[in-house]
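Colleague: Line order of the protein sequences matches chains A and B. Its first residue numbered 396, the first sequence is counted upward by one per residue in this note's numbering. Its first residue numbered 44, the second sequence is counted upward by one per residue in this note's numbering.
Where hints are given, some of them may not hold.
[As the list claims (entries may be wrong)] The following label-pair restraints were derived from C-beta to C-beta distances:
# : chain 1 : residue 1 : chain 2 : residue 2 : range
1 : B       : Val372    : A       : Lys584    : 17 to 25 Å
2 : B       : Glu207    : A       : Leu397    : 50 to 58 Å
3 : A       : Pro520    : B       : Asn438    : 32 to 40 Å
4 : B       : Arg64     : A       : Ser585    : 55 to 63 Å
These aren't lab readings, by the way, just hints derived from the structure by calculation. Even glycine gets a Cβ: it sits at the ideal position worked out from N, Cα and C.
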Amino acid sequence: MLEHTPKEIKERKGGMINPAKTCQPIGAMYAALGIHKCLPHSHGSQGCCSYHRMHLTRHFRDPIMASTSSFTEGACVFGGGANLKTAIKNVFAIYDPDVMAIHTTCLTETIGDDIPSYLGSAEIPDGKIVIHANTPSYAGSHVTGFANMTKGMVTYLAEATTDTNKEQVNIIPGFVNPGDMREIKRLTKSMGINFIMFPDTSGVVDSPMTGKFEMFPRGGAKVEDIRDTGNSKLTIALGSFASTDAAIQLERKCKVPAKTLKTPIGIKATDEFLMALRAAFISEIPYELEEERGQLVDIMTDTHYHFHGQRVAVFGDPDVVIGLTEFILSLGMVPVHVLTGTPGAAFEKEIKAMLLEAGLKANVKANGDLFELQQWIKNEPVDLLLGNTYGKYISRAEDIPFVRVGFPVLDRSVHSYMPIVGYQGAMRLVEMISNALLDRADRDAADEDFELVM
Amino acid sequence: MAINDKHIDAILETYPAKVKRNRKKHILIKDSAQAHQEIEANTRTIPGIITNRGCAYAGCKGVVLGPIKDMVHITHGPIGCGYYSWLTRRNKAKTPEGGQNFLSYCVSTDMQESDIVFGGEKKLARMIDEVMDIFKPNAVTVSATCPVGLIGDDIGAVAKAAQEKHGIPVLSFNCEGYKGVSQSAGHHIANNGIMDKIIGQGELIETPACYSINFLGEYNIGGDSWEIHRVLEDIGYHVVSVLTGDGSYETIKNAHVADLNLVQCHRSINYIADMLEKKYGTPWLKVNFIGVTSTIESLRNMALYFGDKDLIRRTEEVIARELARIEPVLDQYKKICEGKTAFCFVGGSRGHHYQGLFAELGIETVLAGYEFAHRDDYEGREVIPAIKTDADSKNIPDLHVEPDRKYFKLKLSPEKAEELKKRIPLSNYPGMIANMKDGHIITDDLNHYETEEFIKLLKPDIFASGIKDKFIPQKMGIPSKQLHSYDYSGPYAGFGGAVKFAEDIAMAFTSPTWNFISTPWKDKPLLEGAMQKEGH
């Protein structure tokens, strides 16, 4: 397993080996699925669209619908206007979504297709909406694509129509699972605060089995609600990489103040999220959330000796990794290697600040790859690996306990239904981490050291 | 129920006029009263139709090149293409003692905006240098993606320079995603490169053992190729190379010495099969190791080709032994499956191959089709001269080969070949339609809308296709079987594979989970308790 990875690290400039990111359009497709009755559309050659649907389907184990312009060589020469207009006509005639959300690929970005001008002359039925975002695959990552499409929602839909702002908060949850979106909504609801979450894939990519296939399931942020985000009192962007762009666009376009917070993973980030809501809307956080928080602290204290001082490697998408790093520090663990494939200096800055505060040093890298992560581990071994499914190869090669978290998880089920955010999500993380470590302790123990009670 | 044109027309009614005209030509009802039924295939995808198709890059790098284990496959492009074709097709490969296996690595030039603007050739050259330094592979491939062709990166020149610099073969493939209309273009592009740059590069002049074969168009999904190998080796065949499941540069370069080429997936490898015949004089035999009957027929045809008494005897011994082992097990599953119906819509070959295996379990395939096959895969190879290459595919180059001066050897006399052709599919494939029953539907490039409509019309008991549509019938309560990835099971080929397949299909039918779809409180009256009291 990965036996050709040498321990000696040399500088590489030719590209990526075993990437810790993928390309923009899949993030845009995922974001677009978070609009009710929306069909994502990939403006490019059809391979991209198939790959993106395939990958999301494998992560969620649910149907992922999207259409494509299906470029041929001719369209590359003459531009994809005809393909897009045909696609729009066919999509509305055959599939009848309320919204089509178009994103682009490296093909259409390279040839410079001008989507807004195509839309100007496209046949869009009355009452139907087409929005778009440019998502060049050669810039950023899938998280950038999510951010671009979410910003596109604001650009096309958000409107300030009331004189005074409504007592409601916009929440942009970032590139997280539907289980996380449900949990963020539950927390906000239990504080009695009105909110609009967008995009919201809960009820879309975790839809129930009823005996009937619904092409457009019940979930997703409604267009009228996304329009109404322009009238809210505040926008909370959870995760700077995935959510800030849309929040700033909303501030610019509709004067709704924007506040960026960390993805609420772990106790500190969840505290900050609840306090930001309290500061803007209510006087007191309800007891049930205080109870949950107290339960989490109770668990963390009860189990701290499982974790304390354990050395951890963590990789994944920047917003999630920032949250995870903060939480593993709260557990007394030691992050040794922290890596994301998504480029961006903000990631390294934020992680390094946390480490400095904790008096620790680690390998920290944005725009890194898993080949390098494995080399780091060979040089400085760890007790635990946290990351997406691709980590299982490193875990096996280097014999390290492994916890699957983030995107994508292709080899286990249920994960997308369960949160990692909020106090509840933090409890689940504690359980997953301690199970991995204690299963390993059991596996490795000599018979005489095998314990009934741990 | 008997399906007729009216049913099809009713389905097509929803389409805009242009789409309706187009799609009508891609759907057939099998009718053996007609001398020949023609289907339209391998034409451009309708934009916005929600196709299942992929691109030429997927067909080239993902399907044909990717499984070759001792080569490092570099994707020249932004990160997505390399990433999505990383470990997602289950083409298994064992690492030979002291040998190389790079399948768990994804190598991409990860093109950035500056590479699009200023060109990516330097970065590609750098990546090849780094790959040489780190992995020291036997050979390297470079596959192009959409933007590469548009910005004019000359990957052929970069590969040539790298080959001279490093002294190992560096092969480039212009499989930009927009070429052709589907994965199929990529197969052709990959075939040309393998034929031109790998096969015939080995030192072997003669076959090292008797009954030596190449196995073409077999990608060892879930271990399929290994299960077939087990039987072939037991009978006494010597497998020179497999293209390309668990294949290696080291074995494929000697493919020219084999006595016979077996073709499993006609669509993806028929180009090489044809060229091997022209260049080295090696005939090919269409085989099908999916299903017990087809496996037996393929083994017998192979024995007939060689015509050796011992080989024929050994073939029958192995068949008898395998049948004695598997028939009682299959009978158990057959009881569960008998009388059911299936849809079978898969890439470019399995839509046909699995129909026999379904039939052996008592399951009738009422609708079948391909994403990207050509007319010859539907109608048989005799239609090839009549197929016109349209504007969308005309830029896929044909490689023309001549008999090789050094290695050409007629493996079979022309008289013997003619005689055999009457009995076995030597250098021939009769296509899928021939095997289907009257009234059953054949559909090319099936899309989401038609999938739903045909399910409503035909109510199949099992839906066999891929991951993108797996969960759609399942939401409707219809079991779904992936015939690309085998739902992470397998092997499904050969004798052992038939048993595994039967077990998996029976499991899909008998799982208790289907019983919970309807909610109990939706079926029961609200006032049940009160009503009972009144009755007392």
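Colleague: Taking 32 to 40 Å as the stated bounds, is the beta-carbon spacing between proline 520/A and asparagine 438/B within them?
Modeller: About 36 Å separates the Cβ atoms of proline 520/A and asparagine 438/B, which means 32 to 40 Å holds.
Colleague: Between the beta carbons of arginine 64/B and serine 585/A, is the distance compatible with 55 to 63 Å?
Modeller: Holds - the Cβ-Cβ distance for arginine 64/B and serine 585/A, about 56 Å, lies within 55 to 63 Å.
Colleague: Could one say that the CB atoms of valine 372/B and lysine 584/A fall in the range 17 to 25 Å?
Modeller: violated, 54 Å
Colleague: A range of 50 to 58 Å was offered for this pair. Does it hold for the Cβ distance of glutamate 207/B and leucine 397/A?
Modeller: Hint violated: Cβ distance 30 Å, outside 50 to 58 Å.
In this structure, the earlier hints numbered 1 and 2 are contradicted, and the remaining ones agree with it.
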